[in-house]
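Participant: The listed protein sequences correspond, in order, to chains A and W. Just so we're aligned: the first sequence equals residues 1 to 501 in this note's numbering. Just so we're aligned: the second sequence equals residues 1001 to 1252 in this note's numbering.
It is worth saying that the hints were derived from the structure and are not from the lab. Quick caveat: nothing in here was measured; it's all calculated off a predicted structure. Even glycine gets a Cβ: it sits at the ideal position worked out from N, Cα and C. The reader is advised that the hints may include incorrect statements.
[As the list claims (entries may be wrong)] So the derived list for chain A, only partly shown, Cβ under 8 Å to chain W, looks like this:
(1) 399
(2) 448
(3) 450
(4) 455
(5) 457
(6) 460
(7) 463
(8) 467
(9) 468
(10) 471
(11) 472
(12) 474
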Amino acid sequence: MPAVQETVDQVRRIDVDQYKYGFETVIESEKAPKGLSEDTIRFISAKKNEPEWMLKWRLDAYKRWLTMSEPKWAKVEYGPIDYQNIYYYAAPKRAPQSLGEIDPEILRTYEKLGIPLREREALLGIQKPAGEAAEAGEGNGYGKVAVDAVFDSVSVATTFKAELAKAGVLFMPISEAIQHHPDLVKKYLGSVVPISDNFFATLNSAVFSDGSFVYVPPGVRCPMELSTYFRINERNTGQFERTLIIADRGSYVSYLEGCTAPVRDENQLHAAVVELVALDDAEIKYSTIQNWYPGDAQGRGGVFNFVTKRGDCRGRSSKISWTQLETGSAITWKYPSCILRGDNARGEFYSIAISNGYQQVDSGTKMLHLGKNTTSRIISKGIAAGHSNNTYRGLVTSHRRATGARNFTNCDSLLIGDKCGAHTVPYIEAKNSSTVFEHEATTSKISEEMLFYCMQRGLSQEEATALVVNGFVKDVLQQLPMEFAVEAQKLISVSLEGSVG
Amino acid sequence: MALLDIKNLHVEVDGKEILKGLDLTVDAGKVHAIMGPNGSGKSTLAHVLAGKDGYQPTAGEVRFNGRNIFDMQPDERAAAGLFLAFQYPLEIPGVATMTFLRTALNAQRKKRGEAELSTPEFLKRVRDVAGKLGIDQEMLRRAVNVGFSGGEKKRNEILQMALLEPRLAVLDETDSGLDIDALKIVADGVNRLRSPQRAFVVITHYQRLLAYIVPDVVHVLSGGRIVKTGGKELALELEARGYAEYQEEAAA
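Bound conformation, chain W alone:
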């Protein structure tokens, strides 16, 4: 059984159809890249998977680990192991990053019927993960994303992902606005989490990130549908030739 199985998905935003019959199957252990021009529906896909209000599925189905995802609230999807790394992580004034991490982790554990982590256990885990991502304790004491640089925000997303250990992580243009050093740190974080049980959907506009996170499968999303699927070499092809031919195809 595929970890993520999307069939003929149609999604409307503000009454306008953005996804128009999207099919996608992702098996555990794989990294899928979704590339496409601006406005093709990449972020819509990320948001509808996570369950954001205003993204209205009108046809088709999405199964995550066999469950119909539309029967689940966003927090239930998270507890079931679906993680979205935001393109624009939100700031939460007054809430220390450490508090946020702990609240999130324990909320998920509670929903899964697991015991909450004790303070020492939790601290040990955070230090361990943060250390590997080059995040210092000072950053964990600051309010969530408040005053963080672009790179720090993205690293914070990867930190949350590493701590929450999802089954499926969707990375929504995590590479946007990152310099090459930050990009490498983020890629390292993802690569370290790759495992036979876990899958990634990496959404990106550029091939750049895929040099560091090498995908198993590359899809081209255009006009709300997957128009081409290939191996990692497809990303290089796109980099060289652009999206023009696919846009025409989608329009036709």
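If we strip away everything but chain A, and leave its shape as in the complex, we get:
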């Protein structure tokens, strides 16, 4: 049947690297000397005009890092990373003083990425009444979203700043927060992920260059979605962003991050740290659409994503919810976790991890129940295609004093084809008898029968696969903010292109 062969060839040609964000932006940039040393750290700190305490904090981290070694327990394989062959700081040469002065090349980049930064009026600093601004998102499909855009090592634009300030919400690059709100930064930075936490978090503490800072004052419901867009552009650079979000008593904030990188033959390193702090009755909803460059069809290139994300439900009845859609990166090593410290605190983790080609994903969560009557919920959907490996790794524990702790975990894996792997590694430790932990896990293969059924109704094989996968991940997709659910759905289809046939 010639037609069949032709289609198979077409699908082969498409293959995994339908990566639509793989373009490079040519702009002049200023870099720190290659490699890592005290001098590099002093250079970064000086560039940021940092106070002495911050430099000291970094140097402490660096000294610790020198004594640590890379963790090897994850189910991922990669060659040695040469930490001296990486640029730890790269910034566009024309440092923007205000939104209107951003290099047009960078603006065009963000435009290509389709992020809401293209709200030109906002960029030009023109103030519009709240309602009108929301409607001004012509054709971009987004509601009102405040964006902090990080390009390589520096934050280039933060939109809707003034409007947020009216509500008392602080949303700015962390480098700016270090300058203007040192007390808040000193109090919370490293309080969830200490500088000695793990190899990659310690590295980040030494060299982090930018990231977002959010503080929501007591009783304030943040009036819009907050969002950060990260992009690695420069060759051989690592991106080490640091995000710190504090929700004070009774406040609420929803935050979304998105990530992309150009197509490169070599591997790029991304080692971020995200810290969340929720005080009494506060709620933080943190969503991620991770779409770093995954490497090509042979597994060359791609981003190494070693990320430490942790939320501290420090106050009574506080709540932290992580939602992630992981489609990119050559290697993903990431476990967004919740420390349920306050009584009645609640932690949630909703995850969709899709791997194709030669991607390796080792991701999951930790729910640490310390307070009384704390509850947590984990819903993880792993989808493996091509030659990829997809591992869920999770830890649920309850402390001796955490009476009435409850967890529900559901891990489902879906295999597409017969060359990929799905693995589930749940650790459960209950240290008091009133704990109730439930765990459910399934592994299934996308069946030929199901695809044939859909195709008989007129769907192509890829449309059929996307439909089945969308059904599989529906529970998690529903957790994403509406503005991004559509984008997420498209991304799922794109990531699975070439996975069948």
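Chain A is already provided as a structure; the job is to place chain W on it using the hints.
Facilitator: Chain W only, in chain A's frame:
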């Protein structure tokens, strides 16, 4: 020109020949019944028409509306108007029936170069068709076939058929596992769609269904070939006498 024209079709499954020189011609506007004992190749015929993997034609040809069907992918055959009502409809967890119907209809329309239906147009059409089949909105919100009873699954097949408006519908043992009420609903659905432009191939083991869907032509399939063709009275004859004589004939 016949709508479906099968000549000397040989089909292998797992290296074993199941269809051994099958001939069948179906004109638009007609209902053909294909009856036969278990293992005679009835479901193989349905699957090879729809283009299922693993059903390998080794000789002969099949033309659908003049086109060689083996040059077409399963979804292209569907878009060209070939519909198969499954004996065992598949479950698709997490995908609402409504979403499935809409995706299918629009996928076919796109392949035919027609505009996709707007939401109100689509909803109107579904409500209309579902109402006639006694399918309520609640069922359309549930995931495709998940937790459906046997009767609901078969009704869902007929709903899809009614919505997609195929030129040729192949019903693969749609009557199996249905009680008499469900059988009547399914038959009503088929009868309502009968038209001079549309043909049906009704595959069944029993005469029961044919009391409600009255065929124009009845074929006996045995040993991978059509061994006898007659009018609707042939079905009654088979019901009374069984398939024994045809099995011997096929074996000879």
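Participant: Now, for every hint given, state plainly whether the structure supports it.
Facilitator: Going down the list of hints, with the structure as the test:
The interface hint given for residue 399 of chain A is violated, since its Cβ lies 36 Å from the closest Cβ of chain W, which is over the 8 Å cut-off. Taken as an interface hint, residue 448 of chain A checks out: its beta carbon lies about 6 Å from the nearest beta carbon of chain W, inside 8 Å. At about 5 Å, the closest approach between the beta carbon of residue 450 of chain A and any beta carbon in chain W falls short of 8 Å, and the interface hint on this residue holds. Interface hint at residue 455 of chain A: satisfied, since its Cβ lies 4 Å from the closest Cβ of chain W, which is below the 8 Å cut-off.
Because the smallest distance between the Cβ of residue 457 of chain A and any Cβ of chain W comes to about 4 Å, under 8 Å, the interface hint for this residue holds. Residue-level restraint check for residue 460 of chain A holds (minimum Cβ-Cβ distance to chain W is 5 Å; threshold 8 Å). Checking residue 463 of chain A against chain W by beta carbon gives a least distance of about 6 Å; that is within 8 Å, so the hint holds. With a cut of 8 Å, the hint placing residue 467 of chain A at the interface with chain W holds, because the nearest CB-to-CB distance is about 6 Å.
This hint holds: residue 468 of chain A has a C-beta 6 Å from the nearest C-beta of chain W, less than the 8 Å allowed. Contact between residue 471 of chain A and chain W, as hinted, is supported at the beta carbon level, the nearest pair being about 3 Å apart and thus within 8 Å. Nearest Cβ of chain W to the Cβ of residue 472 of chain A: about 6 Å, under the 8 Å cut. The hint holds. Interface hint status for residue 474 of chain A: upheld, as the beta-carbon distance to the closest one in chain W is roughly 4 Å, under 8 Å.
Going through the hint list in order, the structure does not satisfy hint 1, though it satisfies all others.
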